[in-house]
Amino acid sequence: MRFTEIWTTALRAILKNKRRSILTMLGIIIGIAAVVTILAIGDGFSNWVTKSITANKSGKIETQIVFLPDGTANTNSDPFSQRDLSLIEQLPGVTKVKQSSSEGDYKQLNLPVKNKTKSVLVHFTKGKSSPVVAGRRLMPSDNQTGNQVAVIDVSLAKSLFGSTTNALHHGVEVDDHLYEIVGIRSRVTDSVNFSDAMSSEMPANITLPKRVHQRYVQNERSGDVLTLILTKGTKASKLSKKAIRILETQGSMRNQGDYQSSDPTTQADVFGKILNAITYFVSAVAGTSLFIAGIGVMNMMYISVAERTMEIGIRRAMGARQQDIRMQFLLESATLTILGGLIGYGLGVLLALGISALPVMPFHASFSLGGFLLAFGVSTAVGLIFGVMPANAASRKDLIDIIR
Amino acid sequence: MLIELKNVNKYYQNGSQRFHVLKHINLAIDRGEFLSIMGPSGAGKTSLINLIGFIDRQFEGEYLFNGKSYQQASDRTLSRIRNQSVGFVFQNFKLIGNNTILENVELPLLYGDLSKRAAKPIVEKALERVGLPNSSQKIPNELSGGQQQRVAIARALVHQPKFIIADEPTGALDSQTSAEIMQIFRDLNQQEKTTIVLVTHDSQVSQYGERLIKILDGAIIADQEVTPRALH
Ligand SMILES: Nc1ncnc2c1ncn2[C@@H]1O[C@H](COP(=O)(O)OP(=O)(O)O)[C@@H](O)[C@H]1O
Ligand SMILES: [Mg+2]
Numbered sequence: 001m002r003f004t005e006i007w008t009t010a011l012r013a014i015l016k017n018k019r020r021s022i023l024t025m026l027g028i029i030i031g032i033a034a035v036v037t038i039l040a041i042g043d044g045f046s047n048w049v050t051k052s053i054t055a056n057k058s059g060k061i062e063t064q065i066v067f068l069p070d071g072t073a074n075t076n077s078d079p080f081s082q083r084d085l086s087l088i089e090q091l092p093g094v095t096k097v098k099q100s101s102s103e104g105d106y107k108q109l110n111l112p113v114k115n116k117t118k119s120v121l122v123h124f125t126k127g128k129s130s131p132v133v134a135g136r137r138l139m140p141s142d143n144q145t146g147n148q149v150a151v152i153d154v155s156l157a158k159s160l161f162g163s164t165t166n167a168l169h170h171g172v173e174v175d176d177h178l179y180e181i182v183g184i185r186s187r188v189t190d191s192v193n194f195s196d197a198m199s200s201e202m203p204a205n206i207t208l209p210k211r212v213h214q215r216y217v218q219n220e221r222s223g224d225v226l227t228l229i230l231t232k233g234t235k236a237s238k239l240s241k242k243a244i245r246i247l248e249t250q251g252s253m254r255n256q257g258d259y260q261s262s263d264p265t266t267q268a269d270v271f272g273k274i275l276n277a278i279t280y281f282v283s284a285v286a287g288t289s290l291f292i293a294g295i296g297v298m299n300m301m302y303i304s305v306a307e308r309t310m311e312i313g314i315r316r317a318m319g320a321r322q323q324d325i326r327m328q329f330l331l332e333s334a335t336l337t338i339l340g341g342l343i344g345y346g347l348g349v350l351l352a353l354g355i356s357a358l359p360v361m362p363f364h365a366s367f368s369l370g371g372f373l374l375a376f377g378v379s380t381a382v383g384l385i386f387g388v389m390p391a392n393a394a395s396r397k398d399l400i401d402i403i404r
Numbered sequence: 001m002l003i004e005l006k007n008v009n010k011y012y013q014n015g016s017q018r019f020h021v022l023k024h025i026n027l028a029i030d031r032g033e034f035l036s037i038m039g040p041s042g043a044g045k046t047s048l049i050n051l052i053g054f055i056d057r058q059f060e061g062e063y064l065f066n067g068k069s070y071q072q073a074s075d076r077t078l079s080r081i082r083n084q085s086v087g088f089v090f091q092n093f094k095l096i097g098n099n100t101i102l103e104n105v106e107l108p109l110l111y112g113d114l115s116k117r118a119a120k121p122i123v124e125k126a127l128e129r130v131g132l133p134n135s136s137q138k139i140p141n142e143l144s145g146g147q148q149q150r151v152a153i154a155r156a157l158v159h160q161p162k163f164i165i166a167d168e169p170t171g172a173l174d175s176q177t178s179a180e181i182m183q184i185f186r187d188l189n190q191q192e193k194t195t196i197v198l199v200t201h202d203s204q205v206s207q208y209g210e211r212l213i214k215i216l217d218g219a220i221i222a223d224q225e226v227t228p229r230a231l232h
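As they're listed, the protein sequences go chains Z and E.
Going by my numbering, the letters in the first sequence line up with residues 1 to 404, in that order.
Going by my numbering, the letters in the second sequence line up with residues 1 to 232, in that order.
Isolated chain Z (complex conformation) (with noise of 0.2 Å):
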């Protein structure tokens, strides 16, 4: 008989028997749709990991490496030296490195306001702060000569000591240091209006000279971190464990702290760690689904040939030779693992893309040919490979035993 016809058959039985066709395939759709959904949202991540990485900046790669003091550690010395710097040049991949702190220009604080305490934003500066409505503003004097003094806003300073007069030359708390409220600002509020729009600073509730709170809390900081500016197509994560392995052993400051590498591209590896651990979990759930999906289909097949045991000796009769039983049968397994695998596929993309809708999600689900073919090869497979045994059995039948 041809092919075709065969197939027809084949796929005339299992549409004759609806309910138990779907039940068998119910293994199929689900252990499918999970292997199609994982692989969508793994690649959308790893799209988007690459994305995020050659996004930066003119399209090169970085990571940072922080070294993270202890508490035995000399404040004053510098938390990279000069050879460190080049030891870590050397790194093959490794274009440039820069150094520079940590330490922003912003800080949220919380400060205790009449036994409640308020969070409030507090600005380092360098240079000169805003305009003031009463005392002076900071200027870069401040920093030079290491004034312990701080502006305050107009509603800090009314609900710390009831009034902006009563402020000034009042002392104000800030990582364990005092100091004096020489100015007051106009009030902060969170609508932001034109001039501060124009100096591109954000309005703090609290303003100190930079240098000054640096030498108090933040001078270990200084310098504490190091940029990598590596080749294109290294792996940012490697690097950084590599020059991390030589800090450790060759750092000048190895016995005073730890060093991490913070970028990130290290966050998506931990990410990517998590997720490949999930998509190998997944594997696992889908594999034994599809196997026990299998020996469903396979004792589906049992009955089916169990139950035609006389159109299969009317068949042979007409002239069917054992092979075109075997195929029948054979079609009929891998058409019903086919259709599953195919139900199974558009759920695993509805899925997928349910899942990357979640406002949780960064990325989009990502689809291929390749993960299409994935499924409709597999569901093949689990048809063909559980269809075999049925399928000979049924050629193998007596033809006198089953004409009677």
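Calculated from the structure, these hints are not laboratory results.
Quantities reported herein were computed from a predicted structural model and do not represent experimental measurements.
Positions of the beta carbon are idealized from the N, C-alpha and C atoms, including for glycine.
Treat the hints with caution; some may be incorrect.
Claimed, not checked - Some chain Z residues near chain E, calculated using beta-carbon distances under 10 Å:
#, residue
1, M310
2, A317
3, Q323
4, R404
Stated by the list, open to error - No farther apart than 16 Å at their CA atoms in a straight line, the calculated lysine to aspartate or glutamate pairs in the EDC-like style are these:
#, chain 1, residue 1, chain 2, residue 2
5, Z, K118, Z, D175
6, E, K23, E, D217
7, Z, K16, Z, E307
8, E, K23, E, E62
9, Z, K397, E, D217
10, Z, K397, E, E62
Go by the hints and put chain E with the ligands onto chain Z.
Using the frame of chain Z, we list chain E with the ligands on its own:
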């Protein structure tokens, strides 16, 4: 000779017991013959024609078809012979209940490598011939016993086999329907010169043939010509 059986013996193994079902059968059937086989139930008629129809190969002795023995033939060869040379009408119709009439009757053509499309008009013609036009989309259960037997006959003749084997084709039918069915066989034999081997209980039915064989306990006890006297 189309069919030659030479000293054929057949046994059924029932547990430890060996049952001798066909005993020293010698039989020759020529092309174009219309042979009836009669005998009581259990005499071995079905066993004999299954053997002739290449359904059963478990026997001793010699079976020559067109002068050739197929006892050592491969499954492929035997399937081809069944497909090209034999038309079966089984004892109880044996239609595939899940399939339409068209799908039942087209089977010999499809296994002869015709496409469904090519088979369809041939099937329609065969159904017309047995008096069942426009029924190809029905399923067997929607038909009466007589109609189902017509379908079975259509299936047996659709591929124009060399000979048709019919096992009690009228056994379950009333005498009016029986006569109509037998007329189809007679036409087939006379117009197309198709060889027909027909098993029956009914002496009335055996009168349609030109030669009658009687079987008792697995042995041929009579082989005679039929005189057309009993026909109306
Ligand atoms: N496959 C079989 N195994 C064992 N005994 C069988 C088998 N087929 C038929 N028989 C026995 O062989 C005898 C002849 O059967 P059969 O050829 O069907 O006779 P008939 O068709 O003349 O009624 C019967 O007694 C039957 O019970
Ligand atoms: Mg019988």
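So, going through the hints one by one against the coordinates:
About 7 Å separates the beta-carbon of M310 of chain Z from the nearest beta-carbon of chain E, less than 10 Å, and the hint is met. For A317 of chain Z, the interface hint holds, the least distance from its beta-carbon to any beta-carbon of chain E being 5 Å, beneath 10 Å. At its closest, the beta carbon of Q323 of chain Z sits 8 Å from a beta carbon of chain E; the interface hint therefore holds under the 10 Å criterion. Below 10 Å, beta-carbon pairs count as interface contacts, and R404 of chain Z has one with chain E at about 8 Å; its hint therefore holds.
Taken as a hint, the K118 of chain Z and D175 of chain Z pair is honoured in the structure, with Cα atoms around 15 Å apart against an allowance of 16 Å. Only pairs whose Cα atoms come within 16 Å are accepted, and K23 of chain E paired with D217 of chain E is accepted, the gap being roughly 8 Å. In summary, the hint linking K16 of chain Z to E307 of chain Z is supported, as the alpha carbons are separated by about 13 Å, within the 16 Å threshold. Simply put, K23 of chain E and E62 of chain E have alpha-carbon atoms about 13 Å apart, close enough for the 16 Å limit, and the pair holds.
For the hint pairing K397 of chain Z with D217 of chain E, the CA-to-CA distance comes to about 28 Å; that exceeds 16 Å, so the pair is violated. A hinted pair counts as satisfied when its Cα atoms are at most 16 Å apart, and K397 of chain Z with E62 of chain E does not qualify at roughly 24 Å.
Comparing the model with each earlier hint shows violations of hints 9 and 10; every other hint is respected.
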